[in-house]
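Enquirer: On the provided structure of chain A, position chain B as indicated by the hints.
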Amino acid sequence: MRLRSLVAAVAATALGVGLAACGGGDSGSDGGSGGDQTLTYWASNQGTSLDNDKQVLIPVLEQFTKDTGIKVNLEVIGWNDLQTRIQTAITSGQAPDVVNIGNTWAASLQATGAFLPFDNDAMTAIGGKDKFVPTALATGGKAGEDVTSVPLYGLAYGLYYNKAMFAAAGLQPPKTWEEMVTAAQKLTNPAKNQWGMALAAGSYTENVHFAFINGAQNKSEWFDAEGKPTFTSDGNVQGVLRYLDLMQKDKVANPSNAQYDNGTKSVNDFATKKVAMVINQNNADSSIVANGMKAGEYGVVPFPSPAGGEPVASHVAGINLSVFKNTKHKDSTLKFVKYMTDAQTQTTLGKPFASLPVLKDAKPVFTTDAAEAAIFQDIYNTKSKPLPLVPAEDQFESTVGKAMNSMFAKIATGGTVSADEVKAALKTAEDQVAAGS
Amino acid sequence: MSVATHEATPAATKPPARKSKPEIRPGLSRWLPYALVAPAVLMELVIHIIPMLVGIWMSFVKLTKFFIANWSAAPSAGINNYKVALDFDNAVGEGLLKSFGVTLIFSLVTVALSWVLGMAAAVALQPTFRGRSLVRTLFLVPYALPAYAGILTWNFMLQRDTGAVNHVLTQLGADDKPFWLIGSNALFSLITVATWKLWTFAFLTLMAGLQSIPRDQYEAAAVDGAGNLRQWRNITLPALRPVNLVLVLVLFLWTFSDFNTPYVLFGTAQPPAGDLITFHIYNASFLTWNFGSGAAMSVLLLIFLMIVTGIYLFVTGRKTRRA
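Sequences listed follow chains A and B, in order. Taking our numbering, the leading residue of the first sequence gets 2, the next gets one more, and so forth. Taking our numbering, the leading residue of the second sequence gets 26, the next gets one more, and so forth.
A few of these clues could be false.
As the list claims (entries may be wrong) - The calculated label-pair distances, taken between Cβ atoms and stated as ranges, are:
1) B/Gly198 <-> A/Pro191: 15 to 23 Å
2) A/Ser50 <-> B/Ala98: 34 to 42 Å
3) B/Pro76 <-> A/Gly228: 29 to 37 Å
4) A/Leu75 <-> B/Ser54: 54 to 62 Å
5) A/Thr273 <-> B/Pro171: 25 to 33 Å
6) B/Asn285 <-> A/Ser93: 17 to 25 Å
7) B/His73 <-> A/Thr89: 18 to 26 Å
8) B/Val193 <-> A/Asp246: 27 to 35 Å
9) B/Pro171 <-> A/Thr231: 44 to 52 Å
10) B/Ile75 <-> A/Thr85: 19 to 27 Å
Claimed, not checked - Some chain B residues well away from chain A (every beta-carbon gap over 10 Å; in silico):
11) Phe213
12) Ala251
13) Leu274
If you are wondering where the hints come from, they were derived from the structure by calculation, not from laboratory data. Each residue gets a CB set at the ideal place from its N, CA and C atoms; glycine is no exception.
Next comes chain B alone, as it looks inside the complex:
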């Protein structure tokens, strides 16, 4: 299965230089590279850096409804927005802390489930069999479906009186129709929907990773008497380590800052058990018209995610170097 890729690299042949062409002036060649990256840098500035800086600035001003029509008139709030957000004895800070806890549970469970499902499916579809491409395609449906349509369908299915889920449960003999979108079940529903949406990405990535593991390693292991589980633990898992490192981090960052799922699933009636942090921040700024406070919470979220990412990369990087 292993393909020697280097042979295919074409020899770097230069086209014969055309003498007739006028030479590029030295001054031009100096700024040409900058001119070529300029569009990318500009777009990066406009799309990412400037909004981020504006967000950070917003977190230090009192940007309430009295000032949104004229931002420049908004008075400085100092670190007051942060103080309110981090004062856990107060209603606002307490709400943020609770939401943070819910989000942490949600992210950890969703990432774990997505990874397990993705890995299981990728390994199961590794051997060739009839209809494999069909199954693979089917597995990719949640990823190909527009998020809005998919989540909205879940919303219909999880309705108490008219939903498919409760219908199936009643057919199976349950005599009580539980609520899925309000009360404590909401977190469970949220995790289910997010996992449904996310696991195919894990599956796709791991499947791609599996292609690069030489088949003969498995054959050799089988000759030596290693069972499937042993093969998976000693060959597949170590070979996929670099893939897994990136995959788990990306999945975590995505789920932690997921907005679409709670927004579409719950609408304006989001239950406390499904109060994810980005949605919480949205409510804190848009429903109460207090954008400074919302910006401060966003900056705190950014700092948290940066710390987590930093620690993660540091720890895993050290292990990789040691190995």
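Just chain A, with the same shape it has in the complex:
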């Protein structure tokens, strides 16, 4: 009898293993019915580190639990992993309830159909669409459809400059691209390892933003009305080349920047006074201060366009909040979205995350420097252009961004990149996007 029961046990185990492997799809986020609800929330990295994000968010989430009785299970995910994690979640159906997304991904993620559209009812439940800044809300998805994400933190690019270095060289903050380059050249001294600017030239996400902004300054579009890529237009080629030339022709950036694979590295160079200028989104403030620079030591002006160009200084940058469609707690998630986009919470989070308000009547709280706050608010409200709101936007980011990485690498290792080569690289990127859609 013992053998028989052993066999039965083995067979049962084998069967159990098989079943467990097959049944894995169902046991995802179970909040349980009844009053004890738990939401899973994936937050993006907004503070100085993942731990810092947790420290900032946990008290805010605890307050939400106190108010509503809904628990929130927080996970903070770094930018290098976030997109892949979201992809995996969409593919497997094992998704969190609420997730932060880079707002430039909104249209691409909307196309997957995995996210809850904020229709009239849902919009009303989170406090109505009129509470948001219209340009910020417009980043939530394709024009003419219900958005699948709502703005959470607003961001914009600005040109940070070191006041002391500018004063010592008798320079004024630049108003045009040409003035910026002249100032940067004056402040560059490679022998002393002193450079005019730092660029995150090895980060494809940063690079592609500058491809977009410089193209936009040349009045050029990256997609036509039908959503087809138009990367190789003359304005785009010249725009990309102008940005590459900061390292190539103007030589105001250290060739080592070609290895800077995220914006933190260039900001650190600015904060530690190795460079005089850096172009970054306003959340650089927390990193700059964390690295020892005091608030009054730097100033900000809009990222300048060349004389005669469009005054586009940034894209409408920021973080949006999305709800997965297959959430089992729709009402609770909407309550959570309402709470996170509520004036009170926005004020609490605005300072530690150095974000611009996405709500109409809110004041920026990320800095005590009133002039800086006003400049960023002005850039965000009047000098920002949204990135193309088309499903292929993510492919635009990866293909054009990586092409720019390679071109910067070529320049840094002693090669030259001509306008024709920029055009050829953008043509390859365009073909890749065309093949993928």
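Expert: Below, chain B without anything else, positioned relative to chain A:
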């Protein structure tokens, strides 16, 4: 040194059969063996076979971001994914071909270097001397270290401004700091790191193989006047042939489909000179959200590796039989 292993085999004694035990029913004994292998078969199915079949299925559908939330709705792509991957005039196909070339160079050089280093170290540590075990242990460090930690350390060392490699070069009098992780040097760095990670495996395998060569063969050869090189060529190499056959194949398959090394070494900023094929496929599917295209490239890679393995086993097998 040779040990007669057969003497040690214990006599197969059966324990006295216990009469009191009830007999196993005939029906049970028929399916018992199947029940015992069932867990292994099931796990094999779940872990290897089913994902592979799903991958092959994926390569024939249009699995883009519009369909990943609902796979079953993805329309058939026919052989279009393959057509795009193999159209070398097009950006996607051209990229794949270039990446294939880089990977081939990378694999051949890495395998050759790993084998030479492994063989040299194994032979050098063959004679007994004081501290031999210590040296052997030290040689195994790269293999024992978690791959991520090891490669990340290389990443730090190969930085242009702050890396140890350039620091040493400057101390030695070089006046130019080269880039190691971008541009054309990237392939060189990649080969170095992969070899560092892999050669200890070759060393370990060859060392084990060397233990089975009888010492007296070398002694006899020495009496006959054969030098070290001659001994190595005429005794060591033929005796290690079966080990080498397997070793070289395994090393090649591993390096050709290496993902960790480029992924950790370069992060998201991988240079074209270090664009290994598995990483290329990862980018082709994850960055562009086109999983059908990525699956087609993976199937092509699988077919290529199967053909190479088949030819290799056929050619070497024939030689072995003839010998």
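Enquirer: Next, verify each hint and record whether it holds.
Expert: Cross-check of the supplied hints:
1. B/Gly198 <-> A/Pro191: 15 to 23 Å: holds (20 Å)
2. A/Ser50 <-> B/Ala98: 34 to 42 Å: holds (41 Å)
3. B/Pro76 <-> A/Gly228: 29 to 37 Å: holds (34 Å)
4. A/Leu75 <-> B/Ser54: 54 to 62 Å: At roughly 56 Å between Cβ atoms, B/Ser54 and A/Leu75 fall inside 54 to 62 Å, so the hint holds.
5. A/Thr273 <-> B/Pro171: 25 to 33 Å: holds (32 Å)
6. B/Asn285 <-> A/Ser93: 17 to 25 Å: holds (23 Å)
7. B/His73 <-> A/Thr89: 18 to 26 Å: At roughly 20 Å between Cβ atoms, A/Thr89 and B/His73 fall inside 18 to 26 Å, so the hint holds.
8. B/Val193 <-> A/Asp246: 27 to 35 Å: This hint holds: roughly 34 Å between Cβ atoms.
9. B/Pro171 <-> A/Thr231: 44 to 52 Å: Distance hint for B/Pro171, A/Thr231 holds at roughly 46 Å.
10. B/Ile75 <-> A/Thr85: 19 to 27 Å: Because 22 Å falls inside the window, the suggested range holds.
11. Phe213: holds (13 Å)
12. Ala251: holds (50 Å)
13. Leu274: Non-interface label on B/Leu274 holds, nearest chain A Cβ at 31 Å vs cutoff 10 Å.
Consistency with the previously given hints is maintained throughout, with no hint failing.
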